[in-house]
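Below are the chains, spelled out letter by letter.
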Amino acid sequence: MIPRPVTDRGERIISTRDIKFTYENGPEALRGINLDIRSGEYVALVGGNGSGKTTLAKHMNGLLRPSSGSVEVMGKPTHDRTVAELSKVVGYAFQNPDHQLFCSTVDDELAFGPRNLGSSPEDVARRVEYAIDTMDLRSIRGEPPLSLSLGDRRKVSIASVIAMDPKVLILDEPTMGLDAAQSRDLMGTVRKLNDDGHTIILITHEMKLVAEHVDRVIVMANGRTMLDADAKGAFTDLTILGLSKLVPPPVSKLAHRLAERGVSKDILSPEELVFELMRLRGGP
Amino acid sequence: MAGFIDLYTEGDTFLHRMDPRVKIASVLLLSALGLMLSNLYSLLILMGFIFLLLFLTRASLGKTSLALKALLRVMMLIVALWPIFDPSGTPVIASLGPVTITEPAIWRGVTSAVRVGCLATVWYILMLTTSQRDMVRALVKLGLRFDFGLALSISLRFLPTFVLTIESIKDAQRARGLELDRGGILKRARNYVAVLVPTIVSALRTAETLSLALQSRAYGARADRTYLRDLSMRRSDAVAIAAVVTILVVPAVMKYMLGYEL
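Residue numbers (the working numbering), protein chains in the order written: chain A, 1 to 284; chain B, 1 to 262.
Chain A on its own, in the form it takes in the complex:
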């Protein structure tokens, strides 16, 4: 494991070809999705509730199978591969950590995934250590995961997926219910994972996270991708964000209001805005 060479960045790791999906007795949740996720990318899947983000993500590790169209993982179609096989490549941390945790210690919890994949005991131990280090769980590794705080439960559930050494990590609303400090902490860790070469797919509707962390934004609404752009591009198009029931981060809205005074529309963080204002005033 462990840090991946930056040289393999850019190879196609997940591709969807015109996938459509309809839930039993439900509406059409995906109406033709074409995407390429490339190795090393940090992607956000954003959209309002019911826009199809989670449905799409569940196609990436085979939990859902498309009604039509195809999904390829590492260049090979997924229709004849089991979720267990795909989980070696695509890790998925669920929204609710309580749906994943069941062991009596954090260590056992982290070992569960690698054991399922049939890793040797030494390999399991090595992966558990890596996950413990990455998510900073050393002080609580002997605790029962279910009695930890929500912030720690979420960290353990993400660590339990990291321990499986997937190339791609799907995080479904990882900061929900966390306070600002916990959230910043967690996003810092995810940043590090991405720097180490992991491909990250972040499902969220917190635009602040997206603006501050993500390289590429895929905006979804009504089972379609409305926009697929880098983070700067995404927030300059307020109409599409509005259509997708998304609110851009406050700093981005402020930049739009100040646009007539010459402020650039693609500001993503308070720091950038400060520099921009200083530039307009002609130096500090």
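Be careful, since some hints might not be right.
Simulated crosslink set (SDA-like; lysine to any residue; CA at most 20 Å straight-line) [what the hints assert, rightly or not]:
1) B/Lys141 with B/Met18
2) A/Lys232 with A/Asp266
3) A/Lys76 with A/Ser39
4) B/Lys187 with A/Ala84
5) A/Lys58 with B/Thr165
6) B/Lys187 with A/Leu117
7) A/Lys58 with B/Leu164
Here are some of the chain A residues that sit facing chain B, going by a computed Cβ distance under 8 Å [said to hold, decoys possible]:
8) Asn61
9) Leu63
10) Ser67
11) Val83
12) Asp98
13) Asn116
14) Leu146
15) Ser149
Think of the hints as simulated: they come from the structure by calculation, not from any bench. Everything numeric in this text was worked out from a predicted model, so none of it was measured. By construction, the Cβ of each residue, glycine as well, lies at the ideal position given by its N, Cα and C atoms.
Given the coordinates of chain A, assemble chain B onto it according to the supplied hints.
This is chain B only, laid out in the frame that chain A set:
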């Protein structure tokens, strides 16, 4: 998924409007009638009456066909199996080793199948026309403690939610490489621990949150609580219960006092 647990279908027929207490009483009385009658022809008349009621619920065939098909299968099974286990009577139609098939046994099988059909359909009509909320309200009105009634309606309400939670937990564990249907019985049982523990924990957490939510809305503050919609018997309900009692009493008198073979 929810339809599997809750058979109730919205509607505005007299059966939907009927006081649920009257409906429960009627269903019990009609069930008693079904158990009392032992003559095939009288049972067929009862069945005709019950199917007329089913027709009057205006439930679409698409909705009821699944239940009726299942019922038909059970009835056919009874007709087929009864003569094999009941060798009494003459004339004997066929004999194969230890199995003797007699003509009266075949008729007894048909009679039992029709009786089962009557009972199942009449209860099905109750489920079809009474919402779970009304059902619980009727039970409380009939003397069930309100706490138990509330517990019952909450459990019914949360069943579909619970099914979704279990599906999500299964998905979460499959995403960690768990293969639920792999291996021998012992291995599979162990696999299910990974689903069972989060399921129980989720249920407990839900229950805890729910009890706090109930308390914060003054649940249990007064013993004599009031109801937004109280049940009240109307004239049509009285007519209905009188009719059902008559339908039970007349054949009972004919059978047990006048000696008719019904």
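Between A/Lys58 and B/Leu164, does the CA-CA distance stay at or below 20 Å?
holds, 15 Å
- Holds or violated: A/Lys232 with A/Asp266, Cα cutoff 20 Å? Holds. A/Lys232 to A/Asp266 sits at ~5 Å (cutoff 20 Å).
A/Ser149 was flagged as interface toward chain B. Is the shortest Cβ-Cβ separation under 8 Å?
violated, 14 Å
- request: Under 8 Å, Cβ to Cβ, is where A/Ser67 needs to be relative to chain B, so tell me if that hint holds or is violated.
  value: violated, 18 Å
- Between A/Lys58 and B/Thr165, does the CA-CA distance stay at or below 20 Å? Holds, because 16 Å separates the two Cα atoms, which is no more than 20 Å.
_Hinted pair, alpha-carbon criterion (20 Å max): B/Lys187, A/Leu117. Please report holds or violated._
Distance of about 15 Å is within 20 Å: holds.
| said: Can you verify the interface hint for A/Asn116: is its Cβ closer than 8 Å to any Cβ in chain B? | reply: With Cβ-Cβ at 3 Å, under 8 Å, it holds.
Between A/Lys76 and A/Ser39, is the straight-line Cα distance small enough, at 20 Å or below? Roughly 15 Å separates the two Cα atoms, so the pair holds.
Does the closest beta carbon of chain B sit nearer than 8 Å to the beta carbon of A/Leu146?
With Cβ-Cβ at 6 Å, under 8 Å, it holds.
Handout entry: A/Val83 as chain B interface residue, shortest Cβ-Cβ below 8 Å
Key = holds, 5 Å
Proposed proximity, B/Met18 with B/Lys141 (alpha carbon, max 20 Å): holds, 15 Å
| query | Does A/Leu63 meet its interface restraint, that is, does its C-beta lie within less than 8 Å of any C-beta in chain B? | reply | holds, 5 Å
Against the hints set out earlier in the document, violations occur for numbers 10 and 15.
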